[in-house]
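Can you build the whole structure from these sequences, using the hints too?
2 protein chains.
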Amino acid sequence: MTLDQLQVLKTIVSSGSFRAASQELHRAQSAVSYSMRTLEDELGFKLFSRDQYRPTLTPQGRAFLKKASDLIFQFDELGETAEFLKRGHEPIIRLAVSALWPLPNLVGALKEFSSRFPQTEIKIIHDVLSTDEQLLEDHADISLGTIFNEKGLLITEELFTVDMVMVCAAKHPLAKLKKPTAEDLKKYPQIVLSSTVKSSDRSGGIINPANTISVQDLQTKKVFLESGLGYGRMPDFAIKEEIKRKSLVTLGQKPITLHTSIARHSAKELGPCGKFIWNYFSRGQGKKLK
Amino acid sequence: MTLDQLQVLKTIVSSGSFRAASQELHRAQSAVSYSMRTLEDELGFKLFSRDQYRPTLTPQGRAFLKKASDLIFQFDELGETAEFLKRGHEPIIRLAVSALWPLPNLVGALKEFSSRFPQTEIKIIHDVLSTDEQLLEDHADISLGTIFNEKGLLITEELFTVDMVMVCAAKHPLAKLKKPTAEDLKKYPQIVLSSTVKSSDRSGGIINPANTISVQDLQTKKVFLESGLGYGRMPDFAIKEEIKRKSLVTLGQKPITLHTSIARHSAKELGPCGKFIWNYFSRGQGKKLK
DNA sequence: AAAGTATATCAAAAAAATAGATCATGTTAA
DNA sequence: TTAACATGATCTATTTTTTTGATATACTTT
Numbered sequence: 027m028t029l030d031q032l033q034v035l036k037t038i039v040s041s042g043s044f045r046a047a048s049q050e051l052h053r054a055q056s057a058v059s060y061s062m063r064t065l066e067d068e069l070g071f072k073l074f075s076r077d078q079y080r081p082t083l084t085p086q087g088r089a090f091l092k093k094a095s096d097l098i099f100q101f102d103e104l105g106e107t108a109e110f111l112k113r114g115h116e117p118i119i120r121l122a123v124s125a126l127w128p129l130p131n132l133v134g135a136l137k138e139f140s141s142r143f144p145q146t147e148i149k150i151i152h153d154v155l156s157t158d159e160q161l162l163e164d165h166a167d168i169s170l171g172t173i174f175n176e177k178g179l180l181i182t183e184e185l186f187t188v189d190m191v192m193v194c195a196a197k198h199p200l201a202k203l204k205k206p207t208a209e210d211l212k213k214y215p216q217i218v219l220s221s222t223v224k225s226s227d228r229s230g231g232i233i234n235p236a237n238t239i240s241v242q243d244l245q246t247k248k249v250f251l252e253s254g255l256g257y258g259r260m261p262d263f264a265i266k267e268e269i270k271r272k273s274l275v276t277l278g279q280k281p282i283t284l285h286t287s288i289a290r291h292s293a294k295e296l297g298p299c300g301k302f303i304w305n306y307f308s309r310g311q312g313k314k315l316k
Numbered sequence: 027m028t029l030d031q032l033q034v035l036k037t038i039v040s041s042g043s044f045r046a047a048s049q050e051l052h053r054a055q056s057a058v059s060y061s062m063r064t065l066e067d068e069l070g071f072k073l074f075s076r077d078q079y080r081p082t083l084t085p086q087g088r089a090f091l092k093k094a095s096d097l098i099f100q101f102d103e104l105g106e107t108a109e110f111l112k113r114g115h116e117p118i119i120r121l122a123v124s125a126l127w128p129l130p131n132l133v134g135a136l137k138e139f140s141s142r143f144p145q146t147e148i149k150i151i152h153d154v155l156s157t158d159e160q161l162l163e164d165h166a167d168i169s170l171g172t173i174f175n176e177k178g179l180l181i182t183e184e185l186f187t188v189d190m191v192m193v194c195a196a197k198h199p200l201a202k203l204k205k206p207t208a209e210d211l212k213k214y215p216q217i218v219l220s221s222t223v224k225s226s227d228r229s230g231g232i233i234n235p236a237n238t239i240s241v242q243d244l245q246t247k248k249v250f251l252e253s254g255l256g257y258g259r260m261p262d263f264a265i266k267e268e269i270k271r272k273s274l275v276t277l278g279q280k281p282i283t284l285h286t287s288i289a290r291h292s293a294k295e296l297g298p299c300g301k302f303i304w305n306y307f308s309r310g311q312g313k314k315l316k
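The listed protein sequences correspond, in order, to chains A and B.
First residue of the first sequence? That's 27 in my numbering, and the numbers climb one at a time after it.
First residue of the second sequence? That's 27 in my numbering, and the numbers climb one at a time after it.
It is possible that part of the hints are untrue.
Stated by the list, open to error - Where chain B lies over chain A, by a calculated footprint (3+ residues, C-beta under 8 Å):
id : stretch
1  : 28-38
2  : 67-77
3  : 80-89
4  : 111-125
5  : 161-174
What the hints assert, rightly or not - Heads up, simulated BS3-like pairs for lysine-lysine below, C-alpha to C-alpha not over 25 Å straight-line:
id : chain 1 : residue 1 : chain 2 : residue 2
6  : A       : Lys149    : B       : Lys93
7  : B       : Lys280    : B       : Lys202
8  : A       : Lys72     : B       : Lys301
9  : A       : Lys149    : A       : Lys137
If you are wondering where the hints come from, they were derived from the structure by calculation, not from laboratory data.
We treat Cβ as the ideally placed atom computed from N, Cα and C, and that holds for glycine.
Structure, rendered in structure tokens:
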């Protein structure tokens, strides 16, 4: 049983006769006849009843064709996938996204991407801080994170800025002070984001290293801050709601301004899918939300 | 691109080398090599990188194989379907079921059937009364209905009995009378089941043909009866609940006892699936619930 | 009855797949 | 380090499979 035989079968049924199918397939009529005979021999039952003028499917033939049609459809799809891969499109694209990245900024890109390249799988590596490391270790194709150019191994492009503001819960003792000094802060634990990757220590703005609570993601950090466990910096876009409903309050510290960037490995060419993501952000569409 | 090539590809990956695959497939190594070369030529990209000792899939190859594996799986399934059909199993079985048939009696049979023959589609033709007609016109393979042997054209087997009891709503005027006579009944509309098929008129027990309301299914009949629209006969199994909660009451009429039967066309052999259904009921398993 | 259209079948031809041998290369174990 | 072994590519000859073109037979239509 070959797929070609199934395609011949389908053509016969859609065209109505062996002869018409042979013309449609640009083969001799005897070839079509032979193809069906060998298929029927192998299957062990007749696909067509030939006692009428025109061949009609047997009940078995009808049931068989139904399943065979699905197979042919999937086969055609495989052909399309092959075309897609042949043109150099990536079967999967891996995005390393920093925890500090404003996620709403991503969904627009991903929406457009997945409608344009439905064949390409998207893998989000939602790392804490060191998204560039993911590039260097070939765990990601594109990184969306804060700027940190690694000895020219990466091609980066600066995008927009994120302000990291110092906050604590409204019920926290620090909230009572007008403008807490570093001395004031030292008395309470600071919640900080920390990467599991050791190589690059990028923990900026730590007040008292001895008195910190490290977490691995922004969501946890926010919960800890809201619960009054300590104080710490948060990206402004992530705490708008909390400030509005006053569960978090800003302390008088000057915000730290982070520069976000898109990056890729200089030694690895991006395919059409990667280029689309790259251009989406580098041409500024990704900046809109900011 | 042929399915055989995909199977070779899959074997190479699972066995780890071209040579191992060739042994597994009982072919020469050169045949496997040739098969992959022609496939790669047609696809337009390399499936394997051959710079290492053992061939490893390229990223494209990996993505391609993933989809190809699905195809192979579905192909194998088609082979199983073919085996199934070859053994004479019916791809579809059509059951004509009378509206008077106790449905809970069916579910047991269908449950067991679908677990034993998952490949066979079940079509229920829930006809009103004339299920045997469905057999004669080749719209059904087996009929479950009330007895009515058509000139020996059908093979039937008697199963169990269903009592048709005369009822009306508790709020209906007839409910007040102790034992309403035919004269009493004549004053009110009678709700009757009527078939769309004209040929055989089997409407038994009609009191006053002029004063009837015809419905096509038992559910509607029950709703009409409960609403007090009229009186009529219902199978006892279908109104147990309503009698219990007193929304329907029985009138003093003697019940009509219907004999149910299973039937099939004498000129058409049943396949294994049909025989299973037949035996399920004729050997009495279907009677349990009654 | 005649002309037109169907499928099956056959022998010959064409095309495709396979086998077996050989080569260059990489791996493993003594 | 060397010798034995394993791997995939490539080539030619062989085998198998598919296709063709011609012919036979059957059914439909006019």
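> Hint by hint, which ones does the structure fall short of?
Replying inline: 5
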